[in-house]
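J.: Chains A and B, in that order, are what the protein sequence lines are.
Position 173 of the first sequence, counting from 1, maps to 173 under this note's numbering, and the rest follow consecutively.
Position 204 of the second sequence, counting from 1, maps to 204 under this note's numbering, and the rest follow consecutively.
Just so you know, not all the hints are guaranteed correct.
What the hints assert, rightly or not - Straight-line C-alpha distance at most 20 Å; calculated SDA-like pairs for lysine to any residue: (1) Lys300(B) / Pro148(A); (2) Lys9(B) / Phe20(B); (3) Lys113(A) / Ile152(A); (4) Lys10(A) / Gly127(A); (5) Lys32(B) / Lys253(B); (6) Lys169(B) / Phe123(A); (7) Lys232(B) / Pro164(A); (8) Lys302(B) / Phe162(A); (9) Lys205(B) / Leu257(B); (10) Lys141(A) / Thr225(B); (11) Lys169(B) / Met1(A).
Since the hints were derived computationally from the structure, they do not count as laboratory data.
These numbers were taken from a predicted model, which means no experiment stands behind them.
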Amino acid sequence: MYNSPVLFDKSVTIVNQFTVRNGRRKFVIIADQSGYEKAEIFTSEAAGTVPVEFLAIRGVEDGERIKRFLLSQTMGTQFYISAAWGNAVMVFKLGVEAGLSEDEIQVVIIGPKRRYVYCMKCFEVTGVAEKAESTECGHCKASLEIGPFYSIVREGYIGYPFIPAGKEEVVGS
Amino acid sequence: MFTQRLDFKTTDLDTFPFPFTSGNYRYSNDLKRLSNINCIEVTPEYRLQVEAKRRLLQEQPHIRFQSFPHTLEMQWEVFEMLIDMAIDRYPQHFEVLKDGDNWTFRNHIFGESDSFVFGDASTLPNEPLDYIGRHFHNDFVLMVHRDSNFYLEVGQVSYAALFSANWNKGMSFDEIHAPVPFVSRKGDELAERVRKFLLSIEPGKPWTRINWNLMADRWDVNYETMDVWEPKRSEITPESAGKLVRLRVEEQKFYRLPRSNAILFVLNTQFLPLEDLALRQEWFDLTYSVLQDIPEPMAKYKGIAPFLPQSVEYLRRIDEERKSELRK
Ligand code: HEM
Ligand SMILES: [Zn+2]
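Starting from the given sequences, assemble the full structure and let the hints guide the process.
T.: So this is what it looks like as structure tokens:
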């Protein structure tokens with residue numbers, strides 16, 4: 001569905017530290033190599049509450065295996081993803097496809113997050129650094145001011161076109 | 001290429017939805033029951049507006065029309081509703097011949113006749129709402145009711161005031177209104193209250209409100225062309241404001257569709273140059289008063305901050321002149 005959740009830098013599922021979700025019957029922790037340490041800390045924190053299952057992943061090549069694993073989980077499971085940005089996005093997507101809601105997922109990102117800007121000139125997205133305030137569209141080269149609003153359909157922040165000081169004005173309607 | 005310097009304004013003032021009822025304006029839940037529930041209107045500017053709209057849809061299809069593929073059935077519901085309204089109000093201008101599902105729709109103003117199979121989108125040149133929308137000067141938006149919210153699933157938007165069908169596609173009512181400093185006179189947040197109100201709208205009982213803005217020498221201001229119009233706004237002077245600044249009003253109508261349960265949002269956008277306000281003294285006085293008292297966040301949001309002082313100064317001079325005439 002077009003309004004299914006997507007993982008972006010300000011996503012409600014992203015946390016600094018995992019927390020124990022009360023009322024769940026099982027915890028599943030999924031971690032790549034970079035997220036292993038955080039996962040281990042939480043595993044010992046959660047010990048003695050509910051059963052915990054751990055899945056180690058490497059990268060996209062594990063897609064099919066992760067999918068089968070997610071689909072085999074029962075209702076009432078809480079999912080914890082501890083991984084670098086690319087892997088977290090992949091697992092998150094597979095989770096949503098398997099029917100999970102944001103309420104059932106917590107994500108800890110190891111390393112930098114990626115942000116994308118949706119160009120209002122050519123309607124393409126461009127990746128930007130986490131703290132960037134403006135950018136140049138990677139497709140049409142328009143200068144874009146990065147707005148605070150995010151579209152889960154366009155999977156990017158709004159990029160308002162502007163003409164940088166000193167540049168020739170382009171004619172358009 | 002489409003020109004934004006369209007020489008277009010409302011000439012029949014009785015059809016102009018003047019927005020102000022008091023001398024200062026704040027956001028509120030200002031929805032009212034709509035008395036004439038037929039939203040089709042043929043004004044003296046019908047041809048001009050519809051032709052401009054068609055040109056925009058042709059030149060900028062991705063900006064002006066957006067939809068999800070699963071909305072076709074809903075679009076047919078709107079299609080039928082708009083045709084019924086058009087024929088009901090203007091049988092001399094619009095006509096439909098039905099032979100089962102084989103329909104012929106005629107627009108006598110443009111001398112057009114199209115035959116198609118009702119319910120089969122492949123027999124139309126455009127998607128159903130995009131097709132029928134090209135016969136009326138309004139903008140049309142379909143907000144689909146899901147999980148206590150409304151999601152924008154179809155939009156034909158040619159008179160944008162920061163309304164992009166492309167950007168807002170798939171957004172909820174709350175996401176769409178996130179940029180608006182949507183606080184009431186008392187300071188409370190309005191988005192949730194208005195959304196709850198929309199949930200209560202029933203089929204056959206549409207509601208209406210009027211939104212307004214000022215435009216500096218433009219037909220529409222959208223995000224897609226922000227680089228073009230944004231720097232130009234400060235070029236307005238008190239001397240040019242009378243002609244170049246227009247009071248832009250959107251008469252908005254909200255219909256609950258009985259079959260799909262979606263809300264159809266219809267916009268009638270009209271323009272009046274500031275200099276024409278003097279044709280109705282009451283309009284002039286209200287507008288002059290309102291514009292002197294716009295809260296800073298509202299002026300910034302509406303994009304009028306760079307030419308609001310010049311516009312007020314223009315009105316002040318006219319007001320002064322009139323008062324000194326009276327004293328003579
Ligand atoms: C349900 C259909 C509606 C749609 C699709 C819609 C859409 C929009 C859009 C696209 C904007 C511009 C947002 C931006 O700056 O990016 C806007 C602004 C606004 N909307 Fe709505 N709206 C709807 C209903 C309402 C209702 C019922 C109210 C009622 C109280 C309302 C009040 C406003 C106000 C006050 C603004 C700011 C406009 C200005 O100050 O110029 N809207 N709306
Ligand atoms: Zn671009």
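J.: Against this structure, judge whether each hint is valid.
T.: Outcome of the hint check:
{"no.": "1", "hint": "Lys300(B) / Pro148(A)", "result": "holds (16 Å)"}
{"no.": "2", "hint": "Lys9(B) / Phe20(B)", "result": "holds (18 Å)"}
{"no.": "3", "hint": "Lys113(A) / Ile152(A)", "result": "holds (16 Å)"}
{"no.": "4", "hint": "Lys10(A) / Gly127(A)", "result": "holds (15 Å)"}
{"no.": "5", "hint": "Lys32(B) / Lys253(B)", "result": "holds (10 Å)"}
{"no.": "6", "hint": "Lys169(B) / Phe123(A)", "result": "holds (12 Å)"}
{"no.": "7", "hint": "Lys232(B) / Pro164(A)", "result": "holds (14 Å)"}
{"no.": "8", "hint": "Lys302(B) / Phe162(A)", "result": "holds (18 Å)"}
{"no.": "9", "hint": "Lys205(B) / Leu257(B)", "result": "holds (10 Å)"}
{"no.": "10", "hint": "Lys141(A) / Thr225(B)", "result": "holds (15 Å)"}
{"no.": "11", "hint": "Lys169(B) / Met1(A)", "result": "holds (13 Å)"}
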